[in-house]
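S.K.: Sequence:
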Amino acid sequence: MIDLQRVGVGNSWSMCTASDLPFANDVTETIAGFLSAKDYYVIPIFVKEQARVMKLMSANKADRNLLIIVKKWKSYTYMNLGLGYEIELNIFDKNLNKLTSFSVVGNKFLSGSFWDPPSAARREKPLAFLQFL
Numbered sequence: 022m023i024d025l026q027r028v029g030v031g032n033s034w035s036m037c038t039a040s041d042l043p044f045a046n047d048v049t050e051t052i053a054g055f056l057s058a059k060d061y062y063v064i065p066i067f068v069k070e071q072a073r074v075m076k077l078m079s080a081n082k083a084d085r086n087l088l089i090i091v092k093k094w095k096s097y098t099y100m101n102l103g104l105g106y107e108i109e110l111n112i113f114d115k116n117l118n119k120l121t122s123f124s125v126v127g128n129k130f131l132s133g134s135f136w137d138p139p140s141a142a143r144r145e146k147p148l149a150f151l152q153f154l
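Heads up: the sequence shown is residues 22 to 154, going by our numbering.
Please note that a few of the clues may not be correct.
[To be verified] Restraint-style ranges between C-beta atoms, simulated for each label pair:
1. Gly103 <-> Ala80: 34 to 42 Å
2. Ser79 <-> Gly127: 31 to 39 Å
3. Phe130 <-> Ala53: 28 to 36 Å
4. Lys82 <-> Val126: 29 to 37 Å
5. Lys82 <-> Asn128: 37 to 45 Å
6. Pro65 <-> Asp114: 16 to 24 Å
7. Leu117 <-> Ile52: 15 to 23 Å
These aren't lab readings, by the way, just hints derived from the structure by calculation.
C-beta: ideal position from N, C-alpha, C; glycine also.
Using the sequences and the hints given, assemble the complete structure.
M.R.: Below you can see the structure in the form of structure tokens.
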């Protein structure tokens, strides 16, 4: 679930990604696409357990390894839109020594709509995602 949408008297519905895949998969595919467009060779890794990530990165023998951990990405829709996020970026060398790390945590308020909040959410949330990346 990446969104909680409220309607009417405040009843809520859980919303998922357009692909019905975990949000982390969509983030991985988007970043891989951006990097590939810049002529980087990208091998996306999809795992359910975080412990397997380091083993798979080691097996790929890449010169640089990028690990993005999405700790929180949740939006709230009623009339206005809220977005809470916590994401960590780690870069490792080929021996899996951490070269640098960066994390960002925040809450944003996005433009909403009194008359049609779902349409505002469909318009604003993808833009916020791309701006964030």
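S.K.: So, for every hint listed, does it hold in this structure?
M.R.: For each hint, the structure was consulted:
1. Gly103 <-> Ala80: 34 to 42 Å: Check passed, 40 Å falls within 34 to 42 Å.
2. Ser79 <-> Gly127: 31 to 39 Å: With Cβ atoms ~32 Å apart, the hint holds.
3. Phe130 <-> Ala53: 28 to 36 Å: holds (30 Å)
4. Lys82 <-> Val126: 29 to 37 Å: Distance hint for Lys82, Val126 holds at roughly 33 Å.
5. Lys82 <-> Asn128: 37 to 45 Å: At roughly 39 Å between Cβ atoms, Asn128 and Lys82 fall inside 37 to 45 Å, so the hint holds.
6. Pro65 <-> Asp114: 16 to 24 Å: holds (19 Å)
7. Leu117 <-> Ile52: 15 to 23 Å: Check passed, 19 Å falls within 15 to 23 Å.
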